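Engineer: Single-letter residue listing:
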Amino acid sequence: MFGERKTATVHSEFEFQVDSRIIPTGWNAALRREIPVTTVRMPLDERLPRVVSLRPNDVRVKTRQYCFPESPSWSVVHQTNNKPPSTATGTSPPNRTKPDSQTRISPPADIVKLEDRLYYLLQPPLETTLTRYELKMPFHPFPYQFSGVSFLFPRHACVLADEMGLGKTMQAITTIRLLLHAAEIRSALLICPKPLVTNWVREFNQWAPELPVAVIEGDQAKRSWQWTLADMPVKIANYEVVLRDRELVNGGELHFDLVALDEAQRIKNRSSTSSQVVRSIPRTRSWALTGTPIENSTEDLVGIFDFLSEGFLSSGMSPRGLRDATKDYILRRTKSEVLTDMPPKMFRDASLDLTPEQYDTYQRAEQDGVIQLEGMGASLTVQHVFELVLRLKQICNFDPVTGRSAKLERLEADLEEVAASGKKAIVFSQWVGTLEILAEQLARFGPLQYHGKIPSKKRDGVIDQFRNDPNSNVILMSYGAGSVGLNLQFSEYVFLFDRWWNPAIEDQAINRAHRIGAAGPVTVTRFVTLGTIEERIDQVLSQKRELFESVLANSDTPASFGLGQDEIFGLFNLTLHSGKRILAA
Amino acid sequence: MSDSKKALFGFLTGKVSIANAIIGGYLVLNDLGRPAEFHCTEPVKPNRAQEILFGKTLDSYLYGERIGKALTDACKTTTAIVFTDLPAVLDVRKLYDQPIVFVPSTDRPSAANGTALEFGSNRIFISQKFPQDESVLRQRWTEILTNWDLAEPFQRIHEAIQETQKAA
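So the protein lines, in turn, are chains A and B.
The opening residue of the first sequence carries number 18 in the numbering used here; numbering runs sequentially from there.
The opening residue of the second sequence carries number 1453 in the numbering used here; numbering runs sequentially from there.
Looking at chain A on its own, in the form it has when it is part of the complex (with noise of 0.2 Å):
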């Protein structure tokens, strides 16, 4: 063991003797001598050590600030709302202090200085400043509707063009909400279709209910008192009012803070005088809210660019040019993309056959109209062909001679089954004509009318009426006055007795039972004879929309998506002499 191990000590003593004397060497002597000392003066070098010094202290801060505008909030008097806000299933949302989901507010990229964009930046999400200004909601808004709103709140120019059934008026009207108690905007004008004022004004009562809002109408008198109200900081004016009124709008007395326009597509011809005396409102913001930008080609596009900026877009631009240069500025969403989980709408195309007596009436039609047209040489214009194209259209709805109708025998079949399940349907034909016939033979299913002739002051009672009465299977409706910014998404199916020539317009007319809340799928019938006029349009149409959905999915597309004068001309194999292309609405 290495520990153990000790070393031994060997201590050993001797005696050990030096023998001493002193010899005279002189040196005796020297060592008593004493020892002179002198002494020298040597300087000390004075210089202290070197001492660096680290002075911690020295961090240097220096600041930037940014100050923003406190405006005075809008104060309103808020309005009890006895209903607690639930979500789309009905369910109250809990009281926490962190939202679900936080909407932030992005700057535009037109928005350049800094301080403006850290102003946008800064603001806190829409969900906290909702419950911040204590704001009920009726429903809880999907998130994408959020999105939506902090699109609209910063900009001051842009294009709302969700798929019709999204919820564009929720979307505008809790945005002007939200600018009004932020006070950044004082006055709020909102333009839209004769028939939809009375939804926008049910709409604002439901999503801003403490917002004043005051609809201009009644005599010129009563007008001009409207317009100049301070007190209401929204207005809500049909199209027609604002042109009857267009020295007062466009007079420099008035301006708005923002203008919005819906269902915008109405302003798309730039040389209208819609679209002028629309654009000449003074105004601080412009929106424009549309489920059909493009209707017919890139044109409509820069005809409602005219209005937000004018000579933003330009002729002739190419697809992909328009479309970067309006990225930032137009929000689209379909359903497919945004709700997953909304009940499918699904297509059911009947393709009938005429009628014998039909048949035999809509071939002599057919074939005199096309000898006629022929024979009309250099002189032959598209409006001819329009109003073959139309007689021959109603004669596929029903035989002049002997009433009978393919398509009603097919409809009153379906209508059966609809009614048997307690379930409602739409009718939508371009003739208030054909409706009125309809409205005849299907009186035991109860059917109520909804088109041009029926008053705009009856027409609120005949969507309630529609909605409440069980006897009611059946709402029969005019393209014209239906398919724009109803909710009807109580009815479960459509039926397109005739086709639009436009798709998209056919596409909103089916959205108006296809939107946010449909209880279940929707089912779509399209109604086609055979080998007539209608089946050559449905295959026209069926291009169009193809097209149509390439322009949305940012694809290359075409330089037109219009039914040209030659496609016109081509349903009945004419010739086409000359002239421009015309475009059918």
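The set of hints was computed from the structure by calculation and includes no laboratory data.
No experiment lies behind these values; they were computed from the predicted model shown.
Positions of the beta carbon are idealized from the N, C-alpha and C atoms, including for glycine.
There may be inaccurate statements among the hints.
Simulated pairs of lysine-lysine, DSS-like, Cα-Cα distance not exceeding 27 Å [to be verified]:
| hint | chain 1 | residue 1 | chain 2 | residue 2 |
| --- | --- | --- | --- | --- |
| 1 | B | 1497 | B | 1528 |
| 2 | B | 1618 | B | 1528 |
| 3 | A | 79 | B | 1521 |
| 4 | A | 79 | A | 352 |
| 5 | B | 1458 | A | 153 |
| 6 | B | 1528 | A | 130 |
| 7 | A | 475 | B | 1467 |
| 8 | A | 130 | B | 1467 |
| 9 | B | 1521 | B | 1458 |
| 10 | A | 344 | B | 1618 |
| 11 | A | 211 | A | 470 |
| 12 | B | 1467 | A | 79 |
| 13 | A | 362 | A | 440 |
| 14 | A | 211 | A | 474 |
| 15 | B | 1546 | A | 79 |
| 16 | B | 1618 | B | 1581 |
| 17 | A | 470 | B | 1546 |
| 18 | B | 1528 | A | 79 |
Incomplete in silico selection of chain A near chain B, CB under 7 Å [unchecked claim]:
| hint | residue |
| --- | --- |
| 19 | 76 |
| 20 | 78 |
| 21 | 81 |
| 22 | 129 |
| 23 | 130 |
| 24 | 131 |
| 25 | 137 |
| 26 | 141 |
| 27 | 145 |
Given the structure of chain A, go ahead and fit chain B onto it with the hints provided.
Structural biologist: Chain B in isolation, oriented as in the chain A frame:
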């Protein structure tokens, strides 16, 4: 309730940017949560000597004494509370006139040497050396402390700092 009206609240944080420099941000919100002022610093980076000499106190010195103080001093208005997600700021509470409230966030360790308080679902910390802050908070700011998502404004500051960096 009346106190919270017209009152302003400061939110102080820092963000490490390129090359380990720190950019401080201070957001002043009104009672509705809307921005009234925003201040940020230019990038601040301690040198090696400071890192050695300050040692463990570097954070409280840098964030609390230098960056935080510079930002709050630059503020044109007086805030009722300074919220921060920087625990080091609590250490220098004595430098500030108003209560400092540390709001722990998920991405920052809550190593605050403070007194924990709870207001609803919000868990916050105040300086142990200033126990009187608790009574001020409880008497005057319970509604704010309970109802606000106190961590949310720091996200805004971080995005704003990024925006200023992009513009720089």
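Engineer: Give a verdict on every hint.
Structural biologist: To see whether the hints hold, each was checked on the structure:
1. B:1497 <-> B:1528: 26 Å, holds
2. B:1618 <-> B:1528: 25 Å, holds
3. A:79 <-> B:1521: 11 Å, holds
4. A:79 <-> A:352: Violated: residue 79 of chain A and residue 352 of chain A sit about 50 Å apart, past 27 Å.
5. B:1458 <-> A:153: Roughly 23 Å between the alpha carbons, so the hint for residue 1458 of chain B and residue 153 of chain A holds.
6. B:1528 <-> A:130: Holds: residue 1528 of chain B and residue 130 of chain A sit about 22 Å apart, inside 27 Å.
7. A:475 <-> B:1467: Status violated; Cα separation ~62 Å.
8. A:130 <-> B:1467: Given that 27 Å is the threshold and the Cα spacing comes to 23 Å, the pair holds.
9. B:1521 <-> B:1458: 23 Å, holds
10. A:344 <-> B:1618: 22 Å, holds
11. A:211 <-> A:470: 14 Å, holds
12. B:1467 <-> A:79: 15 Å, holds
13. A:362 <-> A:440: 16 Å, holds
14. A:211 <-> A:474: Within the cut-off at roughly 11 Å; holds.
15. B:1546 <-> A:79: Measuring from Cα to Cα gives roughly 22 Å; hence the hint holds.
16. B:1618 <-> B:1581: Given pair residue 1618 of chain B, residue 1581 of chain B is violated - Cα atoms ~40 Å apart, limit 27 Å.
17. A:470 <-> B:1546: 79 Å, violated
18. B:1528 <-> A:79: With a Cα-Cα distance of about 16 Å, the restraint between residue 1528 of chain B and residue 79 of chain A holds, given a limit of 27 Å.
19. 76: This hint holds: residue 76 of chain A lies near chain B, its Cβ roughly 5 Å from the closest one there, short of 7 Å.
20. 78: Holds: closest Cβ of chain B sits about 4 Å from residue 78 of chain A, inside 7 Å.
21. 81: 6 Å, holds
22. 129: With a minimum Cβ separation of about 9 Å from chain B (threshold 7 Å), the hint on residue 129 of chain A is violated.
23. 130: Because about 9 Å separates residue 130 of chain A from the closest Cβ in chain B, which is outside the 7 Å limit, the hint is violated.
24. 131: 5 Å, holds
25. 137: 10 Å, violated
26. 141: Hint on residue 141 of chain A: holds, closest Cβ of chain B at ~4 Å, below 7 Å.
27. 145: 6 Å, holds
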